[in-house]
Amino acid sequence: MDTLGEIKKIIMELLDLEDDPITPDTYLIKELGAESIDLLELAVAINSRFKIAVKDEDIFLTRFRLYLTEATQKGMDNAPYIAGKYPHLTNGRIAEIITHISEGPQLKVKDLVSYITNQSKGA
Amino acid sequence: MKRRVVITSMGVISSLGDNDGEIVKNLKERKVNFERPVFDSDVVTAPVANFNIRDYTGRFKDGRYLSRGAKFAVAAAMSAIQYSGYKKEDLAEAGLFVGTGPNLDIGGEFPEIKEGNIDREDLQALWILKFLPNTAASIIAKLAGVHGENLTVSTACSASLQAVGEAFRKIKAGHLDSAIAGGGDSRLSHGGILAYKKAGALYAGNSDPDKASRPFDSNRRGFVPGEGGSFFLLETLEKARERGATIYGEICGYASSLDAYTMTAPERDGKWGRIAVTAALREAEMSPSQIDVISTHGTGTLLNDAREATLIEDIYAGCTPRVIALKSWIGHTSSACGALELAISLLCMRENYLPEIRNLEEPCHEDINFIRNGENSSFGTCVIENFGFGGQNSVLVIRK
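Chains as they are written, first to last, in our numbering: chain A, 1 to 123; chain B, 1001 to 1400.
Think of the hints as simulated: they come from the structure by calculation, not from any bench. Cβ coordinates follow ideal geometry from the N, Cα and C atoms, glycine included. A few of these clues could be false.
To list a few chain B residues with every Cβ distance to chain A over 10 Å, as calculated [what the hints assert, rightly or not]: (1) Phe1039; (2) Asp1055; (3) Gln1124; (4) Pro1133; (5) His1365.
Pulled a few chain A residues facing chain B out of the computed Cβ check, cut under 8 Å [said to hold, decoys possible]: (6) Leu40; (7) Ile94; (8) Glu96; (9) Ile98.
Looking at chain A on its own, in the form it has when it is part of the complex (with noise of 0.2 Å):
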């Protein structure tokens, strides 16, 4: 099974969903409902199922928020700043988050997908 359909999997038992509602692009927040105490054990089976160090922070983009504040404190682009943060994040999938994040927690299934596929190249 590929990253996506293990992550799927994992979700969808963690949630415990009967069908399956997710894509690429499933907000795990806004659209699951999950809670910080299902990232908690997202983190916990993520790391146990791809034996990969597992950082809440940066696979959840918790900070994110804060580093766009910390960026426009030292005057610096946001973008740029970011990347540097997020490593397993594209420019475009960066992009997209800032534009929209007022609208509530931006986390989707595909950040974890890239965090994963990035932290297993680093391994």
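Given the coordinates of chain A, work out where chain B should sit on it, guided by the hints.
Only chain B this time, still in chain A's reference frame:
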């Protein structure tokens, strides 16, 4: 005006079935479910076959934190709520009283313990929740939208009867108008069986599994563990009448006490158990002669049954209440036994039926009116007794 408290809904998940009709049918047809667990052929258990919590709750993610016992509690509570006619908004101010036991499935939770190291990479982030006593309550509250006064009771085999009793008191005293109360438990895991086997409390032998649980029989040789859960909706009689609810029965008295004796054995003279019974009768404003039926704790252990029989002879001297022992049907369901035995007693009261004490061939006490053959028989009052490890005594008085 004195507030009266009635039971207007119940959810039961037992080895006899999970609905009123099935349970009564199995009692009358004498269908039980006793078997030997695969991991220990010395003992006998009474498991609930094909239990799946989703049948009662639908899908929900927090189920991952429930031990099997807690699953029975949540499933039974949601079942009671489903039959109650209460909507989520009706439950916001209701109370919640949950009898629970420990999760003893140590081997199942940590299958590879070596030199005390329990860590492994797939251990849940919040595995602690599988061991906290109030996890069932937390999940019932979340699923049902219950926000009122609440209590999780962990007083061994008295727990769920005490949970119901405490809910009764809160409603009677005016702190609540309604409450969900009951309990669920399972200790049929390897760890649970080991714990009781080492304590010498379990039946162990090679007789027919159906014959192992034999409360008050002279040849009783220990209890047979069971599992399950039962919950009730308690509310004021006034409220029940107002909404035209079906009333299973009224709770009229409750009491609990502590032996302060040994950690496991009941106190020899049964003094404090007797005090609990008489206090519950006093609250119910009933004399012993007004009690038609006693649902005993009746575990089938030498000490418990001897003490309980003596207690019955003392309190009901000159009266002849009929005596049942439901553990001969469903095994000893640990902290859930009070709620399950209350549920079955209420069903028997409604159906005018008294089930025999199974396997009672030579009664240990001759002067007690043990039910030897199932009988169609009307009764209007019943005392439920439960006594637990740690010298916990609890008693509830109900009437039609």
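How the hints compare with the structure:
no. : hint    : in the structure
1   : Phe1039 : 27 Å, holds
2   : Asp1055 : 14 Å, holds
3   : Gln1124 : 6 Å, violated
4   : Pro1133 : 19 Å, holds
5   : His1365 : 51 Å, holds
6   : Leu40   : 4 Å, holds
7   : Ile94   : 28 Å, violated
8   : Glu96   : 28 Å, violated
9   : Ile98   : 30 Å, violated
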